[in-house]
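Asks: Two chains, two frames, some hints: make the complex.
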Amino acid sequence: MSAPVLDIRGLTIALPATGEREHAVRDVSISVAAGEMVCLVGESGSGKSVIAQAAMGLLPTALRATSGSILVDGEDVLGASEQRLRELRCTRMSMVFQEPMTALNPVLTCGEQIDEVLAFHTRMSAAERRDRTLAIARDVGLDEPRRMIASYPHQLSGGQRQRIMIAMALVLDPRLLIADEPTTALDVTTQAQILALIRELRREHGTGVLFITHDFGVVAEIADKVAVLRRGEVVEFGETRALLTDPQHEYTRMLIASVPSLLPRHRVLAASAPVVLATRRLGKRYVRAGWWRSGKTAGVVHAASDIELEICRGETLGIVGESGSGKSTVARCIARLVEPSAGAITLDGVDIAKMGPRELRPLRRRVQIVFQDPYRSLNPRRTIAEALIEGPMNYGTTREEALATARNLLDLVKIDAAALERYPHQFSGGQRQRICIARALAIEPDLLIADEAVSALDVSVQAQVLALLDEIRGRLNLAMLFITHDLRVAAQVCDRVAVMQRGRIVETGPIAEVYAHPRHEYTRALLAAAPGRDWDFGAAVRDR
Amino acid sequence: MTAAGDSLPVHQLAAPPLRVDGALRRAVRSPTVLAGIAVLALIALVGLAAPVLAGFDPAAINPVMRNKTPGAIETLRADDGRTTEVRHWMGTDSLGRDVASRVVYGARASLLIGLSVASISVGLGLVIGLAAGYVRGLDGVIMRIMDGLMAIPAILLAIAVVSLSSAGVLAVIVAIVIPEVPRVVRLVRSVVLSVREEPYVEAAISLGTPTLMLIVRHILPNTLPPLIVQSTYICASAILIEAILSFLGVGIPSEVPTWGNIMAEGRTLFRVYPHTILYPGIFLALTVLAVNMLGDGLRDTLDPRLQKRL
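Each protein sequence line maps, in turn, to chains A and B. Here the first sequence is numbered in our numbering, starting from 1 and rising by one per residue. Here the second sequence is numbered in our numbering, starting from 1001 and rising by one per residue.
Just chain B, with the same shape it has in the complex (with noise of 0.2 Å):
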């Protein structure tokens, strides 16, 4: 009776199955979910509404206009003399574009390279993962490469990258993506070792399931839960590393509008103009803190075993 357990009725016991429709339907139930996938489609359509809502062209280079304060009104004069007045709501920059304009657009670069990122270190860490897990010979030459693509600190690899190639947002994804990958290896590679012990994998094994089919069936799903919470996080941290690269000057050029960007430009003068970096800083905050928040709701529903108990 030791693997029955004892007194716990059944359906304590084991781990309730992870049905996508039921995991979703509790949570989007979860406060901590829903409020940051509100935030984040908020964002997100802020930066597909860019051209509506930024009022300037975020590259338009106005020397009367520089370093005006949030609020600041800017009066256009058409060719047949009639005037209309404009106001920029967060101010401008020391070249006099507009920084909400700007800020707006930086939206896409974010969210883009965060969610590229993501998708693509979580695929290519998913395989390997799978590989160095299920494949006895391969685990140690895998692992031992994953080690030594951690010990190099994720910036300063970067780095390296994008000076190696030509600066843009692709050098840039790949930059973030590679150091990346090893965790998301060793998060799915630790869930295979303990997974491909189960019994019920041994049966199927028994069954003559062959091997693609055992992963794809039986092991994958259970990968699965932790892979989407792990992907939050480094969408999270991938946006960033790329503002800090973009804020170092070794990220995407600075004709494109990233939130980095912004606040690089805005360094020189922040204490005397600290706009040019607050309102920048503080989307990238808001954005960083709603996929953190899917992320610990995701991860709190997703999880069986952080569901409370009796």
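Here chain A stands alone, though its shape is the one from the complex (with noise of 0.2 Å):
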């Protein structure tokens, strides 16, 4: 094997003494070998950005190396003057980050900021500069280059940002390339896309990537090694296949574990359950009307149109689709949080889509919604105890028993009472959640919307609010939709699924047949894109 690219050796960040623990990451090696693709997993807080930031020298001032050495190509980048640092960069090592709209500069064109990253390093005449701009962004896979190039960041998709982003990585054929989540932020058929490039151009042209990500589908997917982190520490460094198949850390296994898998589970319905809420053709335009133009000659969008959902008692639906699909639009429409432009929405044979707000207001209880931000969802000014008795007395119950409703639901969500008097921020992302879930269950609704609601987790705390949404439908008898991206998680709750496209509905049905036989090409696409979709990641751990 050649000589490693990165080599990371024992390295010590200090967090400020203010910090939740001592350090940022401790004793951590590490190295990447030449066209290898190491990845780095670990959860939110794990400090994988950090050590992504030290190797590029990017650390904020108030994180400091302690002790160790990171070796980009024999030579120590913790040492290096901030003069040599930006000879460095973009020349032996160069970073991709999450979002490459903020990433980019939008007030140059893609083509002028990967030019800058020439113009810096090399002697190259403007000319030969275009020339090499060009090869770069037809190696990356842009269509069109000449137009994308000359085009300004806004212009472009997430997927043509971040493969400009990956041109102006990789224009100077750098040693090694830091992925810093560089997929996170996109679609998954884009994810996929942008996930087989980095893989082709590292064949291509020996790079060693060193690939941040909290996704073990991405890492099933694309991994040679696997570096798994866990506040700070590296609990686990090894193969990607044996660390998958073979975990040593518990942590790695409970990871792992907690992975949900592409198998739909199987749960058997009661036959005859009654219809909690019906759509009926169901649509949302937004018409953008000016002063000196009518609705019709001005831009209307249709984030929603024909929508036709079912939703039985005790049953889950799911609605998978990509990001601007309209699914939180139908969510958002169901619950009355935007007014429906065309269609029904039956409640039990009441129809609500054109219901004024004092008919609403009874039946709002009803619907419940939990949304996908839990550090916004709870107003950072009110207690937990003011949260949760809120809508209870909203209708008519006495402060007393919706305390004493509020502690039994903390109870059902696990959590403990004492929560009650504690405000938002004293808690996690997770028990955020469950508490948002509890807020929604405090006044009893007959169907529970989930936009999104476990999308922002770690995927450890999101398997435990599946489980408690789950066990929670299961033990009120609710009916459930659920909104959701991803197409794993979707298979472990859902009951039946509808696919969204672009504000319609393509294909519907039952989820174990639509996922083992989907009919529409769209389905189709979004399970080929589902990363590490050969790997049933529970398995592994089970058979142990």
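No lab work stands behind these hints: they were computed from the structure. Not one of these hints is a red herring.
Just some of the chain B residues that point at chain A, by a computed CB distance under 7 Å:
| hint | residue |
| --- | --- |
| 1 | E1198 |
| 2 | P1199 |
| 3 | Y1200 |
| 4 | E1202 |
| 5 | S1206 |
| 6 | T1209 |
| 7 | H1218 |
Covered stretches of chain A (in silico footprint by chain B; criterion: 3 or more residues with CB under 8 Å from a CB of chain B, positions within the stretch not fixed):
| hint | segment |
| --- | --- |
| 8 | 364-372 |
| 9 | 390-402 |
A few chain A positions that, by computed beta-carbon distances, are all more than 12 Å from chain B:
| hint | residue |
| --- | --- |
| 10 | D7 |
| 11 | H154 |
| 12 | T189 |
| 13 | A528 |
Quick reminder that beta carbons are idealized off the backbone N, C-alpha and C, glycines included.
Replies: Next comes the structure, spelled out in structure tokens:
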């Protein structure tokens, strides 16, 4: 094996005294050989990004490496001067960030940004630089490369932007590419393309890649080696196959076991459960009318059209699709947080789609929603008790009764009753999401909508919240509408699934059937793009 | 994981809850806030204790003692023939009135106008801003009216209002409040527009919370920190505008001592006797500086986004 392009030895980085632990990372040793793809996996706060920043010489001033070394192609980055680091970046090592919109400068064209790298590091003439820019844009698989490099970042899609970032990173053929969650902000089909691109470029250029991710699907898809990080320490480092099939450390085992399987679980449904909610030709369009333009001539966006859904008591219906497909619009129409512009929503036979606020109010309690972002779903200035009793008290329950219910609910979502007096910021993301679930349940809804309710959570926490949702649905015999972009999550909780694309449902049916025999082309593309689809994570651990 | 962030500890991702006691404790520890409060308290005390502190009747004209420089001594002769000496610490004006007494009484007018303009315009602006931000149909109408009001120069509007009604403290307050309200409305509306999209507000809507409760519980508290800061700036600008109006002779009638009035009357002779403008000017500058310091300090302590990060 050739000498490593990245060799991190015994790296320890101290956190400021006010931090929640002493070290951001401690005694980390990882190496990446030329042409090798090493994945760094871990949950939020495990120190993945800090390692990437340290290797690029981009550590925030508050963090400081106290011991160890980071050798890039034999040269120590930690001791390098700012001048030397500037020379090394892009020529020896370069980085691709998570969010391509904010990582690119919005006031320069993409071509100018690639050109800047060449102008700074090489003595190429303007014409040579232009040719090289065009060549690398072609290499990263951009269609119409001439138009792409003349475009500004906001004119491109997320996937195209990430390709530009990769082009910038690779234009000088660095020895090492650090990719910090480069596909997390992208849709699953785009993610599959970017992963394939990184894999191909690595093979062609012999670049060593340090790939940071939280997604074991991605790991199974691309990694040669995996390092598992937990609270700043590497708990396990080894070949991907060995590590995934036979994890040695308990934490790795727990993480892998938490990855939801793509195989739908089987659940027997009551044959004649009553329909709780149904939509008929439900649609939402946004009209941008102006002073001088009527609605007809101005821009009309069909966020959702002709949505036909039916959810029975005790059943979980999933809506899956990529960003912008209209999943959340449907959920918000059903919860009447936005006004539907067409069709009917029948709740136990009553059409609520066109009801005014006064008529709607008594019916609101029957449909509750849990949102994606646990940090913004609870009012930061109100205690948990106030959050939990607000709903019941709106419907005439006394404060004492509401508090008693709140205590029971916290017990149901497995949070200590002492939480009642505390404020949301004192809880972790997973705990807050549990509290949000308790809040939704406090007024005994018939239908619970979970709008990407587990997407912002770490995989182990996600597994717990999913189990909780499923348990609650069973215990309370709720109908549940589960919105997600993650096919694995959908497989674990949904009984039936509706696949949405560009505001329309393209396929619907029992989840096992849809996953096993997708009829629509888009469903097939989605399933094919799911990272690590050939890998049944749960099985490896179950078999032990 | 995009939403939850990646490497930052949880407590840094979310804005800390702004509870009044916590925020106040932080504010009181800030040296700028403390200095601002101290100076303002001193000036308020001077205004309140004016009858005790002022050695003379601020309106009493004394032809003998015209245009005396600071420190001039006046000999008072009582009926029984005994004489006492009193000192005009800040001199006298062209009518022989004691400048120090007038300045001390002037603090009353300035603070009264500053405080009432700040509270009235914040109160009005808050209600209108909440309505504009929350009720979609009202937004366009209200904001166009506010834009119209903002297009008129504040001083000119004030002059027009004062000249249409009889001059007096109330007219001046109304005249200054009118141009300040649109600024408050804009601020409140912008906060409401962003807060109403927060998931916790939507959660409250789906919990059946009535609109008024929703605004009071979930939206209003978020508008308070920027409003408190804004109100200090309004207070400072009201004190200044009152002085300008009085200086121009369109404000409070000249028999009421205000800093602006004193300066206006000293204007003609200020090359020879600068003290008639200097002392009220110093008090005015100090007061405005103190109010602005208080505002800056409060902004730094109340806005979690400006707090030090890692």
